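Asker: Sequence:
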Amino acid sequence: MPKVTVDGLEIEVPNGYTVLQACEEAGKEIPRFCYHERLSIAGNCRMCLVEVEKMPKPVASCGQPVGEGMVIHTDSEKVREARRGVMEFLLINHPLDCPICDQGGECDLQDEAMGYGRDHTRYDGNKRAVTDKYLGPLVKTVMTRCIHCTRCVRFMAEVAGVPELGAVQRGEHMEITNYVERGLSSELSGNIIDLCPVGALTSKPYAFTARTWELRKTDSIDVFDAVGTNIRIDARGSEVLRVLPRLNDAVNEEWLADKGRFSIDGLKRRRLDRPWLREAGKLRPAGWDEALAAIAGRIRGIDGSRIGAIAGNLCDAESMMALKDLMGALGSTNLDCRQDGAVFDVSSREFHRFNTTIEGIDEADALLIVGANPRQEAPVLNARLRRRWVETPGFFAGLVGAPADLTYEHEHLGEGGDALKALLDPEHHFTKRLAAAKRPMLIVGPQAFARPDAKAVLACCWQIALQTGMLTADWHGFNVLHNAAARMGALELGFLPGENGKDIAGMMGGGVDVLWLLGADEFDVSQIGADTFVIYQGHHGDRGAARADVILPGAAYTEKSGTYVNTEGRVQRALRAIFPPGEAREDWAILRAASAALGQALPYDDLDTLRTRMVEANPVFGETGALRRIGHAGGEAPRGDAAAVSDAPFGRAFATYYQTDPISRASPTMAKCIEEIILPRQMAAE
1 MPKVTVDGLE IEVPNGYTVL QACEEAGKEI PRFCYHERLS IAGNCRMCLV EVEKMPKPVA
61 SCGQPVGEGM VIHTDSEKVR EARRGVMEFL LINHPLDCPI CDQGGECDLQ DEAMGYGRDH
121 TRYDGNKRAV TDKYLGPLVK TVMTRCIHCT RCVRFMAEVA GVPELGAVQR GEHMEITNYV
181 ERGLSSELSG NIIDLCPVGA LTSKPYAFTA RTWELRKTDS IDVFDAVGTN IRIDARGSEV
241 LRVLPRLNDA VNEEWLADKG RFSIDGLKRR RLDRPWLREA GKLRPAGWDE ALAAIAGRIR
301 GIDGSRIGAI AGNLCDAESM MALKDLMGAL GSTNLDCRQD GAVFDVSSRE FHRFNTTIEG
361 IDEADALLIV GANPRQEAPV LNARLRRRWV ETPGFFAGLV GAPADLTYEH EHLGEGGDAL
421 KALLDPEHHF TKRLAAAKRP MLIVGPQAFA RPDAKAVLAC CWQIALQTGM LTADWHGFNV
481 LHNAAARMGA LELGFLPGEN GKDIAGMMGG GVDVLWLLGA DEFDVSQIGA DTFVIYQGHH
541 GDRGAARADV ILPGAAYTEK SGTYVNTEGR VQRALRAIFP PGEAREDWAI LRAASAALGQ
601 ALPYDDLDTL RTRMVEANPV FGETGALRRI GHAGGEAPRG DAAAVSDAPF GRAFATYYQT
661 DPISRASPTM AKCIEEIILP RQMAAE
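Numbering (the working numbering), first residue to last: 1 to 686.
You may find that some hints are simply not true.
Said to hold, decoys possible - Okay, derived cross-link-like pairs now, BS3-like style, lysine-lysine, Cα gap no bigger than 27 Å in a straight line:
no. : residue 1 : residue 2
1   : 78        : 3
2   : 57        : 28
3   : 268       : 672
4   : 268       : 282
5   : 3         : 54
6   : 57        : 78
7   : 57        : 3
8   : 432       : 455
9   : 204       : 268
10  : 28        : 78
What the hints assert, rightly or not - Simulated DEER-style distance windows between Cβ atoms:
no. : residue 1 : residue 2 : range
11  : 676       : 170       : 30 to 36 Å
12  : 681       : 53        : 52 to 58 Å
13  : 268       : 129       : 34 to 40 Å
14  : 500       : 214       : 54 to 60 Å
15  : 681       : 429       : 29 to 35 Å
16  : 435       : 56        : 52 to 58 Å
17  : 302       : 467       : 46 to 52 Å
18  : 472       : 53        : 49 to 55 Å
19  : 179       : 97        : 24 to 30 Å
20  : 616       : 214       : 39 to 45 Å
21  : 472       : 302       : 48 to 54 Å
22  : 500       : 426       : 38 to 44 Å
23  : 69        : 237       : 57 to 63 Å
24  : 97        : 213       : 15 to 21 Å
Bear in mind the hints are in silico, worked out from the structure with no lab data behind them. Keep in mind it's a predicted model, so treat the numbers as computed, not measured. Even glycine gets a Cβ: it sits at the ideal position worked out from N, Cα and C.
With the hints as extra help, turn the sequences into a complete structure.
Answerer: Take a look at the structure:
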């Protein structure tokens with residue numbers, strides 16, 4: 001480890017560090033535009049110049065490796081003058097439109113110009129003008145502001161794995177552009193807005209809406225997939241205006257999927273803001289007391305075995321705990337959280353969670369995917385898989401399921417169960433490669449369990465993991481990748497059929513007399529029995545609300561404090577950013593009020609008491625934000641016959657990435673993505 005001296009302070013840094021990293025290790029802030037910790041080094045902007053003794057002129061610290069005994073000066077007069085010169089050149093063509101630029105107040109160029117810019121320009125020529133580029137319905141371009149840092153180009157090529165941006169021409173005439181005049185197709189394209197250090201790339205839906213200092217900022221969790229991406233919700237008054245990612249290296253690093261970022265305009269459309277009652281086949285507005293009285297009148301006297309409840313994909317753990325307790329008080333064990341009909345073995349947590357952990361992907365050297373498409377079901381996690389493939393020589397991947405562009409090279413082994421069973425043969429070429437790897441991992445998607453042979457699929461995948469060395473005392477390579485934010489929390493709470501209880505299929509077709517839908521919209525509501533009394537509790541007028549006899553308006557994820565458990569079992573808390581609209585209420589509070597109307601008052605009147613009840617139900621809810629990574633400790637294998645896997649092909653989780661839930665289906669921006677990105681590609685393919 002070399003020793004270097006930075007502004008008189010001697011420090012020791014790891015081998016391979018750059019001068020910029022060494023300076024930051026010493027606590028010095030180095031200005032930069034093109035350098036980013038998670039992208040390759042370009043050395044375009046030259047703003048990070050420092051002085052190194054025995055070198056004739058200032059060097060770009062981002063691309064200069066450290067050497068033993070280096071003496072670095074970060075704030076000498078020579079350095080300051082060099083940076084002033086760089087800033088002057090950057091501002092020669094940059095327009096002075098800060099008052100109308102959406103990047104104003106968050107602009108790196110503004111910040112650095114305060115320290116190194118002049119109060120006037122010595123350039124009296126005409127500024128260069130560049131035609132704006134069309135990048136789709138999500139990213140707005142003002143390319144005259146571009147300073148050619150190439151962060152966006154490198155992100156799309158290296159992190160997203162969809163190299164749709166590049167540079168043409170040279171020098172002052174250089175332009176960042178897309179190769180074809182069409183929208184960006186990556187599910188992570190919105191991250192180039194965060195990466196852009198100027199106002200060249202901004203959010204198109206957010207354009208000219210607000211200034212950063214007008215916004216109230218709240219920490220939360222993304223609920224549009226099961227990764228548990230840490231986000232920041234920016235609101236003004238009663239409206240959410242934008243969502244940005246928060247840094248969490250163990251979960252999402254600093255990335256956010258497009259659906260979580262841009263579908264927020266669906267939060268104010270098709271909203272349920274008052275209770276409704278169905279009379280003579282038509283819904284009419286009602287008051288809370290009237291709606292709860294109607295529910296109590298219908299449920300009173302009904303045997304608990306004839307009452308059921310289904311939890312949706314966006315539910316918080318608090319509301320599911322309250323609904324489970326309410327059903328228990330009514331004598332019902334008819335509970336289900338699996339709208340897709342998936343069958344999980346809950347006898348052990350390792351049979352239904354992402355055991356390697358998201359951070360553990362950084363140690364894997366081989367991958368087998370079964371019945372999943374991580375690019376669409378968990379874009380941020382898929383970016384981590386891609387990074388591992390890029391950085392690890394010899395890393396290889398295989399896919400059993402529908403063909404897909406995963407953004408990294410992989411071998412398509414087949415679409416159906418026959419390809420999966422073939423991997424049980426130790427002589428299969430891919431099985432032999434897995435067995436030879438040091439830390440192989442396997443990812444199974446929920447669609448693999450939404451089949452009649454679900455138990456056999458689990459047993460087969462487990463056996464493959466066992467015989468290829470994925471299950472050891474210090475490594476657990478078996479993973480289930482959920483795509484619903486509520487799924488792991490529901491499984492941890494046991495929101496599943498109890499003794500003699502019915503699952504979602506058993507509750508259909510008149511299997512129950514009363515059915516409580518907690519934000520459940522992702523199943524065929526036409527299968528509900530014609531005489532079944534349906535209570536829908538949710539925030540959007542979606543499929544479930546259309547079938548309801550009573551509608552109770554709940555709160556969306558931005559409008560309540562809630563607990564969510566991601567696919568790896570990490571418990572995380574989201575805070576309330578705004579209040580629900582109209583007469584809508586937080587879901588757990590609605591259930592508490594309903595329990596009182598039913599004469600079965602739940603024993604908690606506030607969130608703290610309810611969360612104490614959650615810890616009693618499962619101690620993992622007491623470990624917020626933490627995750628203990630464990631290896632395989634042995635024990636029984638999942639119950640199932642691996643040989644019974646049918647040859648049927650594995651299905652796809654989503655028809656389209658952009659509309660998978662009530663919020664994204666109500667979002668005009670997501671509808672534009674389908675119209676301008678998906679449909680043109682389908683037409684071209686035909």
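Asker: Checked against the structure, which of the hints given earlier come out wrong?
Answerer: Nothing - there is no hint that the structure violates, so all of them hold.
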